[in-house]
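Note that the protein sequences, when read in sequence, are chains P and Y.
Going by my numbering, the first residue of the first sequence is number 106, and it counts up by one from there.
Going by my numbering, the first residue of the second sequence is number 17, and it counts up by one from there.
Simulated from the structure, these hints should not be mistaken for laboratory data.
Here the structure is a predicted model, which is why all the values come from computation and not from measurement.
Quick reminder that beta carbons are idealized off the backbone N, C-alpha and C, glycines included.
Hints are supplied without guarantee of correctness; some may be wrong.
What the simulated footprint calls covered on chain Y by chain P, stretch by stretch (three residues with Cβ under 8 angstroms from a Cβ of chain P suffice, anywhere in the stretch; the number is not a length) [stated by the list, open to error]: (1) 78-90; (2) 109-116.
Some chain Y residues flagged as far from chain P (calculated, every beta-carbon gap over 12 angstroms) [to be verified]: (3) E24; (4) V94; (5) I99; (6) D105; (7) S106; (8) R119; (9) R125; (10) L126; (11) L129.
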Amino acid sequence: MTAALEAAGLGKRFGKRWALQDCTVAVPTGSICGLVGPNGAGKTTLIQLAVGLLAPTAGSITVAGGTPDGRPAQLAKVGFVAQDTPTYAQLTVADHLRLGAHLNPGWDAALAGRRIDQLGLDPKQKAGKLSGGQRAQLALTLAVAKRPEVLILDEPVASLDPLARRDFLSSLMELVTEHGMTVLLSSHLVADLERVCDHLVVLVASRVQVASDVDELLATHRRISGPRRELSTLPADQQVIEASHTDRQTTAIIRTAQPIHDPAWSVTELTLEDIVLAYMAHRGDGQPVRRQLAEVRAS
Amino acid sequence: MNRLMMIEFHLDSRSGVSPYLQVMQQVHRALRLGLLQVGDQLPTVKDVVTALAINPNTVLKAYRGLEQEGLVAGKPGVGTFVIRTLTDDSLPAHAPLRRDLERWMRKARLAGLDGDSIEALFRDTFRAFAAEDVA
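Isolated chain P, as found in the complex (with noise of 0.2 angstroms):
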């Protein structure tokens, strides 16, 4: 497995606060990677590290097989799409199409001209026009034509509604399965991702709580529950995620690759929310991070 993007004890510190630390991890190429994590959490730190914005503190990162340091070359092989998908408002749609054309040498004019048609985008529109799906639209069409080997979107879809929220991802699905690319995305809100991702990262507070395959998540995490006992007493491959007791029952969030046999427990599967949700809730020091919970649950 190769990675389109790789960072190695990746850390960056803002005065004497960390805003990501210790983070390695691979997204291996090809893949549709979703970054999932509360506000604050450090998902735009990373992406701008990985787009070069960001110099890093500690650690490295590799992206498209190369340190991202701005220059043209490094910048040709990525794609990006800022935060509120950014376009300038007095600009017209064709004016963006030839700016993105004089900008980036691979500039795939075909693609883009092909894309506002579909979208049905007037050309002289100013993007200032422009409802937030379409400019959303416009700000992916952009990113894509310049025929990137890694696409990278901060929150892409978390101002849009619900229906510019779905046509957005089946946009960049469908991209994707024309052009084959590595796409990282992130979200707040791991609903937005489960359809489409097939790799995911959990950040909360500065750190990687877990990266996985989508499909191994799902396979080996399991809510136990049974007559109260020590979890301790579990098998040693049965890694507990997160555990609640009462008097008289024991439920726990475990992940294991085994079959778990024991008739004590009765035994569900998880969503991919449940699984994230489970890993947000602690800090991976037993802390448990209430406040950043709160604000997933509530946005």
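Fit chain Y to the given chain P structure using the hints.
Below, chain Y without anything else, positioned relative to chain P:
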């Protein structure tokens, strides 16, 4: 291109089952019920991606799985076609098995179990049985 769409996939995100497995299971079901027959074409990856807004890798993984099971074959540039069905010889056994199950359920009712308890008991037993099968 005028292509007849044989089946449509749908995803249940509350099921906890991987999307690629859901696609595979839906093909299995369609094959078992005879909705899909030898020679039928599965929806193209792009059709499924567009219809469900899902990851093309998910669809490819499902189709690869079905290929490995010998149920479908991909023709490069054309599509993926059914080469074997699952309407199998076990069909005649279904009716007597169902009668046994009905008899068992009547017994469970007589013993005072309600619908939920019956379902829970069945599911637990089935799971334990399936786990034994794996081990």
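Structure-based check of all given hints:
1. For the segment 78-90 of chain Y, the assignment as covered by chain P is violated, since 0 residues bring a beta-carbon within under 8 angstroms of that chain's beta-carbons and 3 are needed.
2. Closer than 8 angstroms: that is the beta-carbon criterion, and the segment 109-116 of chain Y has 0 residues meeting it against chain P, so the requirement of 3 is violated.
3. Separation of Y:E24 from chain P is adequate, the least Cβ-Cβ distance of about 15 angstroms exceeding the 12 angstroms criterion.
4. In this structure Y:V94 is separated from chain P by more than 12 angstroms, as the shortest Cβ-Cβ distance comes to about 16 angstroms.
5. At the 12 angstroms boundary, the C-beta of Y:I99 stays outside the reach of chain P, the nearest C-beta of that chain being 24 angstroms off.
6. Under the 12 angstroms C-beta cut-off, the non-interface status given to Y:D105 relative to chain P holds; the minimum distance is some 29 angstroms.
7. Non-interface status of Y:S106 relative to chain P is upheld: no Cβ of that chain comes within 12 angstroms, the nearest being about 25 angstroms off.
8. Every Cβ of chain P is farther than 12 angstroms from the Cβ of Y:R119; the closest lies at roughly 25 angstroms, confirming the non-interface assignment.
9. Distance to chain P confirms Y:R125 as a non-interface residue, since its nearest Cβ pair spans about 22 angstroms, more than 12 angstroms.
10. In this structure Y:L126 is separated from chain P by more than 12 angstroms, as the shortest Cβ-Cβ distance comes to about 24 angstroms.
11. No Cβ of chain P comes within 12 angstroms of the Cβ of Y:L129; the nearest lies about 16 angstroms off, and the non-interface call holds.
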